[in-house]
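Engineer: Sequences are here, hints too, so could you generate the full structure?
For reference, the chains in residue letters:
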Amino acid sequence: MIINCVAYEEGRRLCDIDVSEVAVHLAHPHRFVWVALHDPDADELATFQEVFGLHELAVEDALAGHQRPKVEEYGDALFVVTQMMSALQEEIQFGQLAIFAGPGYVLSVRQHHHRGFTDVRHRCEREPELLKQGPAFVLYALMDVVVDRYFPILESLEAELESIEEQMFVKGNARTSLKRLYQLKRSIMCVKHAVNPLSEASAHLFGGRVPALCKGTQDYFRDVYDHLHRIEAAVDTIRETITTAIQVNLAMIAIDEGEVQKRLASWAAIFAVATILAGVWGMNFTHMPELDWRMGYPMALGAMGLCCGALYRHFRRAGWL
Amino acid sequence: MIINCVAYEEGRRLCDIDVSEVAVHLAHPHRFVWVALHDPDADELATFQEVFGLHELAVEDALAGHQRPKVEEYGDALFVVTQMMSALQEEIQFGQLAIFAGPGYVLSVRQHHHRGFTDVRHRCEREPELLKQGPAFVLYALMDVVVDRYFPILESLEAELESIEEQMFVKGNARTSLKRLYQLKRSIMCVKHAVNPLSEASAHLFGGRVPALCKGTQDYFRDVYDHLHRIEAAVDTIRETITTAIQVNLAMIAIDEGEVQKRLASWAAIFAVATILAGVWGMNFTHMPELDWRMGYPMALGAMGLCCGALYRHFRRAGWL
Amino acid sequence: MIINCVAYEEGRRLCDIDVSEVAVHLAHPHRFVWVALHDPDADELATFQEVFGLHELAVEDALAGHQRPKVEEYGDALFVVTQMMSALQEEIQFGQLAIFAGPGYVLSVRQHHHRGFTDVRHRCEREPELLKQGPAFVLYALMDVVVDRYFPILESLEAELESIEEQMFVKGNARTSLKRLYQLKRSIMCVKHAVNPLSEASAHLFGGRVPALCKGTQDYFRDVYDHLHRIEAAVDTIRETITTAIQVNLAMIAIDEGEVQKRLASWAAIFAVATILAGVWGMNFTHMPELDWRMGYPMALGAMGLCCGALYRHFRRAGWL
Amino acid sequence: MIINCVAYEEGRRLCDIDVSEVAVHLAHPHRFVWVALHDPDADELATFQEVFGLHELAVEDALAGHQRPKVEEYGDALFVVTQMMSALQEEIQFGQLAIFAGPGYVLSVRQHHHRGFTDVRHRCEREPELLKQGPAFVLYALMDVVVDRYFPILESLEAELESIEEQMFVKGNARTSLKRLYQLKRSIMCVKHAVNPLSEASAHLFGGRVPALCKGTQDYFRDVYDHLHRIEAAVDTIRETITTAIQVNLAMIAIDEGEVQKRLASWAAIFAVATILAGVWGMNFTHMPELDWRMGYPMALGAMGLCCGALYRHFRRAGWL
Amino acid sequence: MIINCVAYEEGRRLCDIDVSEVAVHLAHPHRFVWVALHDPDADELATFQEVFGLHELAVEDALAGHQRPKVEEYGDALFVVTQMMSALQEEIQFGQLAIFAGPGYVLSVRQHHHRGFTDVRHRCEREPELLKQGPAFVLYALMDVVVDRYFPILESLEAELESIEEQMFVKGNARTSLKRLYQLKRSIMCVKHAVNPLSEASAHLFGGRVPALCKGTQDYFRDVYDHLHRIEAAVDTIRETITTAIQVNLAMIAIDEGEVQKRLASWAAIFAVATILAGVWGMNFTHMPELDWRMGYPMALGAMGLCCGALYRHFRRAGWL
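From first to last, the protein sequence lines stand for chains G, Z, R, U and Y. Each residue of the first sequence is one higher than the last, beginning at 23 in the numbering used here. Each residue of the second sequence is one higher than the last, beginning at 23 in the numbering used here. Each residue of the third sequence is one higher than the last, beginning at 23 in the numbering used here. Each residue of the fourth sequence is one higher than the last, beginning at 23 in the numbering used here. Each residue of the fifth sequence is one higher than the last, beginning at 23 in the numbering used here.
Treat the hints with care, as some may be off.
Same chains, same names: a pair is fine if it fits in one copy or spans any two.
Taking lysine to any residue and the SDA-like style, the derived pairs with C-alpha atoms no more than 25 Å apart in a straight line are [as the list claims (entries may be wrong)]:
no.: 1; residue 1: LYS237; residue 2: ASP98
no.: 2; residue 1: LYS92; residue 2: ASP166
no.: 3; residue 1: LYS154; residue 2: ALA45
no.: 4; residue 1: LYS201; residue 2: ALA340
It should be emphasised that the hints constitute simulated quantities derived from the structure, not laboratory data.
Structural biologist: Given below as structure tokens:
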């Protein structure tokens with residue numbers, strides 16, 4: 023589906039145009055065309071492939087969805103694949119934004135994701151001074167917003183981790199904590215695989231040898247790279263913390279078990295003493311004077327109570343009960 | 023065994039040829055010969071070694087099978103070793119495809135693996151425009167299909183991991199889960215050693231300094247590299263997840279054990295109380311009035327039942343039973 | 023808030039100046055202006071942005087706070103972001119110091135942190151020979167003091183680790199030790215993310231290709247780098263030690279549990295023997311001669327005592343009690 | 023001890039020569055001398071040091087034994103240190119082969135190892151075409167055979183790992199498994215330290231900038247490097263598998279413990295019920311009608327048996343017994 | 023404190039000189055001055071700073087002690103910081119040796135360490151041929167001896183590890199083993215931080231681009247580097263082995279616990295059977311014929327003994343006792 027197909031001149035919006043008019047505008051030196059597609063079928067994309075001269079392999083990747091993020095040069099054009107993420111009811115929904123940027127055109131292909139980029143277009147149109155820099159700036163603006171949308175995801179993962187941490191040192195939550203930690207680990211791995219390759223790839227858009235298209239906008243791409251690097255660091259922290267948290271959890275389980283064991287041992291001792299005393303006075307010796315005492319029975323019960331009580335106090339003090 | 027030996031001109035199939043005719047076709051500048059061997063004996067390979075001028079060490083590797091994947095340059099020729107994988111009844115079957123590609127020829131040597139590449143040949147022959155690019159394109163087509171066949175393997179491993187995950191948080195499955203995780207780890211290590219060296223090696227076929235043969239087909243090899251990189255990332259995720267899963271499993275075992283212990287402790291307490299009461303009324307004191315009551319015995323049994331019931335409810339509420 | 027705005031000539035303080043006068047001093051070849059801001063609002067910073075010609079992206083980063091430490095070149099100017107740390111009641115308080123340094127000016131922007139840099143200014147002013155080297159030296163002096171303030175943080179973390187270690191091999195502290203280790207791990211991760219990127223970035227300020235501004239002060243920046251490297255090494259040691267400590271803790275918990283189990287087993291055995299003996303003499307056989315002995319009962323009690331005592335000694339010797 | 027000292031011309035063996043004649047043959051442009059020493063004393067080596075002009079530090083290393091594998095250039099000569107390994111009754115025996123190769127000579131110094139290289143010499147002499155390439159080829163031949171002898175070691179370690187794996191999921195083997203895993207880990211670390219530095223060092227003998235001596239034999243050294251890389255990969259797999267195996271072992275121990283605990287709990291419950299019943303009928307109430315029944319006693323025993331049997335079946339079904 | 027201050031010409035000792043004479047000797051082209059200081063105060067060092075023209079930052083580092091090992095170039099001079107280690111009653115004592123080497127002088131500053139380098143000086147003076155190479159050779163000689171003194175430390179750590187290993191598979195040593203492993207880990211981390219940075223830094227003293235001072239002595243520095251690399255490998259082995267050992271220890275603890283549990287369970291079963299039997303014959307049924315048998319009591323005791331004995335044998339065979 024074609025969302026937008028607009029021609030720009032000197033950073034200013036000229037008009038919405040039809041696919042058939044694209045070639046005309048491409049011929050103008052100071053103009054560029056910015057096309058946005060959403061879940062296009064092969065034919066739609068094929069039209070633009072021809073007019074922009076896109077490489078077959080890139081077009082395949084754009085259509086396939088769920089590719090590895092990357093930045094590839096095809097002659098003087100750039101092909102960028104990014105993963106889109108958005109939180110959807112405790113799950114992370116993944117999509118793909120593939121961007122073709124060459125002299126005179128930007129073509130963005132969004133796949134399997136509901137959230138569009140019209141806000142980016144509007145923001146760009148409000149700043150013609152910047153938009154004048156052409157396709158490279160649009161490429162930056164799109165990458166920037168894709169990356170900026172990673173931050174809320176990251177924050178929700180960090181919040182989840184903190185919530186697990188609070189629960190972690192409280193008894194009886196081990197099973198849930200572990201399940202959530204495992205789930206979190208899975209999510210963070212997905213985020214990592216969306217972020218790391220993009221960060222690595224975007225490092226080629228500034229410094230050293232840079233694609234001709236990005237010459238004048240290096241500082242912007244460095245900014246994107248910087249954001250990605252920040253996310254990477256946060257992802258690494260979460261990963262390492264999860265590992266530690268699982269280990270700590272295991273230790274907490276062992277501690278809890280040890281405490282239950284101590285309690286069990288204490289009660290067993292108390293009961294055992296009562297049992298022994300009852301056994302002793304249940305022996306059938308002929309000469310057991312206390313058996314004939316008037317107060318023998320209550321005294322026996324009292325003795326049993328006393329012993330048990332003393333043991334109880336002892337274990338209480340030792341922290342076993 | 024010679025599977026195929028065909029001469030091509032300008033991307034079009036000329037004819038099946040005999041080994042003895044190969045040298046004739048090699049002399050034509052716009053032709054190339056594409057030979058496919060399967061588990062060849064040393065003599066078969068020796069014939070082609072002579073006519074194509076293959077290096078002895080490369081031929082040894084091609085014959086040996088189970089080599090490390092690699093891309094080697096011998097003069098203006100390339101020698102590529104890849105590992106083939108296919109799922110065979112829960113096991114991964116490994117084979118080797120060694121490819122010699124030089125000016126005017128491609129020779130593929132398949133070892134210890136049942137699945138051939140005739141489909142690749144047919145696909146290539148249907149696209150003479152691409153096949154016109156010569157041996158490098160054939161090399162790409164073969165590598166591409168070898169790598170594409172890795173994906174189903176990977177998916178089956180991911181499916182196995184997910185099936186273990188589902189089982190993991192259910193009690194009583196620890197032993198099987200561990201066995202399967204261990205097995206999965208072993209498999210993933212094998213896949214890793216098939217993929218990583220190839221990925222590393224194929225990075226030399228595009229960008230920077232490239233073998234002369236691959237000059238015009240760099241974008242294709244970058245595509246192969248990209249697929250390999252995607253597989254590598256997936257392999258890494260599985261590996262890291264297995265490690266976490268084993269730790270979580272260990273913790274789950276400890277939790278289960280703790281719960282069994284609590285149940286044991288609860289029943290022990292209930293039984294102990296009943297034992298003590300029976301012991302008390304089994305004592306031989308002369309003056310134990312309740313012993314002579316008419317309803318003494320049923321009341322005693324009732325008291326024992328009540329105590330045990332009260333304890334049972336208590337432990338039930340505490341979640342120990 | 024503007025803390026200071028001073029012009030320097032040949033390393034000597036000229037005078038405090040107003041924002042409006044900055045442009046005048048910038049024009050003088052041997053002068054430079056050193057401005058210090060604290061939590062500035064966007065307008066304050068905008069004034070300086072214009073007069074110094076700062077890049078918009080850098081200004082955004084300086085205002086935002088909590089950026090990743092970095093060193094960026096914008097034309098012939100440098101933009102450095104560092105994280106400030108200070109210990110605040112067992113917590114580490116983080117702030118940001120962003121420094122813009124270009125020909126003729128240094129602008130430091132401190133965010134979310136209470137501790138200023140007037141001491142640095144005074145120290146610099148006391149050494150005009152060094153200050154004569156201009157903005158690069160001021161940049162060094164600021165970075166140096168930021169990094170030097172990391173050391174007390176590190177020492178407090180090391181002290182915490184040592185205090186946990188002392189506690190670790192003492193019984194019954196496992197829960198607290200783990201909590202503290204986990205907390206320490208969290209802190210050290212934060213320190214790591216403040217230090218590592220800065221260390222990496224500052225490596226570009228000496229050796230090989232160096233920004234023009236830093237040409238004459240390379241040795242100083244190497245010194246900063248060296249300090250950062252030292253901190254990195256210490257951070258790595260703490261991280262690795264925490265991992266080991268958690269594992270050791272887990273093992274200590276298991277050992278403690280084992281000892282409790284042994285004690286439990288010993289007492290259970292002692293009680294069981296007494297119970298059996300009482301049970302034996304409670305049997306109702308007609309012919310049990312010892313039951314009629316005068317001293318039967320005391321002898322029975324004595325026998326029970328002896329058995330229990332012998333067992334007690336046995337377990338004592340075995341180290342179970 | 024001098025094992026061999028032979029002069030070669032154009033790849034063909036000339037004659038065994040004496041130490042004193044070496045200098046004569048060195049002068050001939052198309053000849054080279056190949057000397058093999060075994061555990062030489064300092065004097066023997068000193069003779070050759072003088073005639074070949076070997077560097078003092080290299081000679082020291084050759085004499086010392088147990089050096090780190092390495093490839094060093096001294097002027098136009100190469101000094102290669104490799105570790106020899108052979109399996110000796112479940113232990114790996116380590117030795118050292120140091121090779122000096124320069125224009126006109128190869129000197130191999132074997133230390134602390136029983137297995138020699140006469141087979142290499144014979145193989146080389148049978149292929150004068152290859153041997154014609156001079157000292158570099160001899161160097162390759164020696165390195166190749168040293169590396170080839172690593173494979174059986176590796177296979178025995180893999181066999182050991184597989185044998186442990188088979189044992190691992192069987193109960194009651196944990197202690198032995200752990201001991202063997204630990205031992206295996208130690209062995210594999212030794213192999214790693216013999217292989218990795220050599221692999222790294224041998225990478226300098228082909229590709230990019232190469233010592234003049236190896237110019238024509240690069241493909242051969244790449245082959246050695248390739249073998250070393252294969253061993254490295256196998257070593258890494260074993261190492262990672264050992265780590266996983268130890269974790270799995272720990273989990274298996276916990277599972278076994280849990281099962282013992284369940285069995286213990288089951289029997290305790292069965293015994294407790296019998297004890298309670300016996301206790302109840304041992305109570306001294308006056309009115310316990312069943313006590314006077316004719317069949318009271320056998321019925322009581324039957325009731326006890328029934329209860330115990332029912333519990334037994336219950337636990338059996340639950341998989342606790 | 024000045025330990026030595028000697029002038030050398032052409033590798034031969036000229037005479038002990040006073041600080042004031044240093045400048046004179048510096049002027050001679052073929053002479054150099056070798057000064058050794060021990061825990062100098064700031065003034066002593068300042069004298070030499072002036073005469074040799076040392077950089078302030080380097081002097082600060084030399085005075086401070088406990089710096090990170092490094093090799094820094096200041097113009098045509100080198101500044102090397104190494105850590106000294108010596109074993110002192112089970113503890114490693116750390117010190118620092120800072121070396122300034124420039125054209126015409128070597129100045130070594132030893133801090134916080136008792137062991138000097140007069141033996142190095144004597145050895146050097148006995149080999150004027152080598153010493154003739156000037157300050158770079160002295161620098162090498164000092165670094166070489168510092169590194170050589172690491173080996174005994176390493177050996178003592180390896181011996182400690184082996185002694186722990188022997189103890190590890192013996193029961194009841196877990197607590198001590200863990201404590202010692204933890205301590206060893208701490209020590210090895212310190213050694214690592216003394217060795218790794220030095221190894222990294224010394225790699226700049228040979229191969230590729232080398233400081234002018236070291237041009238003629240590259241082979242020597244490569245030798246130092248080689249030794250450091252060997253130590254690094256050993257340190258890594260120890261670290262990895264410690265990690266494995268802790269895991270194995272944890273598993274051994276679990277195994278021991280499991281065995282204690284089995285023993286406990288066995289005895290509990292034996293006692294429970296005896297208790298039940300005594301309970302049965304303690305029941306008050308009227309018709310229990312065996313109670314009236316003459317041999318009833320001894321037969322009962324015999325039956326109890328038989329049951330317990332049978333159980334004992336059973337558990338013995340099962341390996342539980």
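Engineer: Hint by hint, say whether it matches the structure.
Structural biologist: We went through each hint and held it up to the structure:
1. LYS237 with ASP98: both (12 Å within a copy, 17 Å between copies)
2. LYS92 with ASP166: both (15 Å within a copy, 19 Å between copies)
3. LYS154 with ALA45: Result: close within a single copy only, 20 Å intra versus 30 Å inter.
4. LYS201 with ALA340: between (34 Å within a copy, 22 Å between copies)
When each numbered hint is compared with the structure, no violation occurs for any of them.
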